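Here the protein sequences come in this chain order: R and S. What the first sequence shows, in my numbering, is residues 1 to 110, in sequence order. What the second sequence shows, in my numbering, is residues 111 to 229, in sequence order.
Any given hint could be a false lead.
[Unchecked claim] Cut-off 25 Å, straight-line C-alpha distance, at most; resulting in silico cross-link-like pairs (SDA-like, lysine to any residue):
(1) S:154 x R:47
(2) S:161 x R:93
(3) R:70 x S:155
(4) S:181 x R:94
(5) R:56 x S:206
(6) R:56 x S:217
(7) R:70 x R:102
(8) S:161 x R:94
(9) S:154 x R:46
(10) S:154 x R:26
(11) S:154 x R:93
(12) R:70 x S:168
(13) S:154 x R:3
(14) S:161 x S:217
(15) R:59 x S:219
(16) S:137 x R:44
(17) S:154 x R:94
(18) S:154 x R:97
(19) R:57 x R:28
(20) S:172 x R:102
(21) S:137 x R:46
(22) S:137 x R:93
(23) S:172 x S:225
(24) S:154 x R:71
(25) R:70 x S:219
(26) S:137 x R:36
(27) S:137 x R:41
[Claimed, not checked] Facing chain R, according to a computed beta carbon distance under 8 Å, are these residues of chain S, among others:
(28) 143
(29) 151
(30) 152
(31) 166
(32) 217
(33) 218
(34) 220
(35) 221
(36) 222
(37) 223
Simulated from the structure, these hints should not be mistaken for laboratory data. These numbers come from a predicted model, not from an experiment. Even for Gly, the Cβ is constructed at its ideal location relative to N, Cα and C.
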Amino acid sequence: TQLLEQSPQFLSIQEGENLTVYCNSSSVFSSLQWYRQEPGEGPVLLVTVVTGGEVKKLKRLTFQFGDARKDSSLHITAAQPGDTGLYLCAGDNYGQNFVFGPGTRLSVLP
Amino acid sequence: NAGVMQNPRHLVRRRGQEARLRCSPMKGHSHVYWYRQLPEEGLKFMVYLQKENIIDESGMPKERFSAEFPKEGPSILRIQQVVRGDSAAYFCASSPILNFGTSLSGELFFGEGSRLTVL
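Same shape as in the complex, but just chain R (with noise of 0.2 Å):
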């Protein structure tokens, strides 16, 4: 059974601090992707990462794939408060399989 583990679990930070979650996992995936997800509504795919050591950026967010494609993390500069989620990864098995992180809830205060 593949998991995936999130950390952490909870994080609450002042606007403008930087921040890095992390996604890590035993397996082995085609591609790891991270999603965000609002209360009350579904989870909205941020990003996907294919190769091994990838970094990609999204404005203020970095996103990097591990070498061995089975850990992935975020990072967060200067947070705002419209960052404030729970932010999802998920391995992609040639999409036969998406398993999903537990998440990390993350709340930016102002």
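Using the hints, position chain S against chain R.
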């Protein structure tokens, strides 16, 4: 709006009744996934379907739960004889056709979910 459409958004049932949740995938997507989410928890995979085929139902309870994706019409997740423990948000996601065995991968596009409350 070409997004994933789920209905109903909210459904209340009494114990023992049936719940039917519907999902229309994005236009052009032939793969549908159903996930369940309990409050303050992540997404738990239930079932993966293509048109007229169940590809993987390993996450779905063996009893009372069933899913289908007919040739015409939406995908349906059916829960018979609901119990209080079935109360949750049920999310549907769709994905385009993939090239298996290559470095390409799928991406999930989620609906807004159906929230089932069992009294």
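Status of the hints after comparison with the structure:
| no. | hint | result |
| --- | --- | --- |
| 1 | S:154 x R:47 | holds (20 Å) |
| 2 | S:161 x R:93 | holds (20 Å) |
| 3 | R:70 x S:155 | holds (19 Å) |
| 4 | S:181 x R:94 | holds (24 Å) |
| 5 | R:56 x S:206 | holds (22 Å) |
| 6 | R:56 x S:217 | holds (16 Å) |
| 7 | R:70 x R:102 | holds (16 Å) |
| 8 | S:161 x R:94 | holds (18 Å) |
| 9 | S:154 x R:46 | holds (19 Å) |
| 10 | S:154 x R:26 | holds (18 Å) |
| 11 | S:154 x R:93 | holds (16 Å) |
| 12 | R:70 x S:168 | holds (22 Å) |
| 13 | S:154 x R:3 | holds (11 Å) |
| 14 | S:161 x S:217 | holds (18 Å) |
| 15 | R:59 x S:219 | holds (21 Å) |
| 16 | S:137 x R:44 | holds (17 Å) |
| 17 | S:154 x R:94 | holds (18 Å) |
| 18 | S:154 x R:97 | holds (11 Å) |
| 19 | R:57 x R:28 | holds (22 Å) |
| 20 | S:172 x R:102 | holds (23 Å) |
| 21 | S:137 x R:46 | holds (21 Å) |
| 22 | S:137 x R:93 | holds (23 Å) |
| 23 | S:172 x S:225 | holds (21 Å) |
| 24 | S:154 x R:71 | holds (19 Å) |
| 25 | R:70 x S:219 | holds (23 Å) |
| 26 | S:137 x R:36 | holds (23 Å) |
| 27 | S:137 x R:41 | holds (20 Å) |
| 28 | 143 | holds (7 Å) |
| 29 | 151 | holds (7 Å) |
| 30 | 152 | holds (4 Å) |
| 31 | 166 | holds (6 Å) |
| 32 | 217 | holds (6 Å) |
| 33 | 218 | holds (6 Å) |
| 34 | 220 | holds (3 Å) |
| 35 | 221 | holds (5 Å) |
| 36 | 222 | holds (5 Å) |
| 37 | 223 | holds (5 Å) |
Checked against the numbered hints above, the structure breaks none of them.
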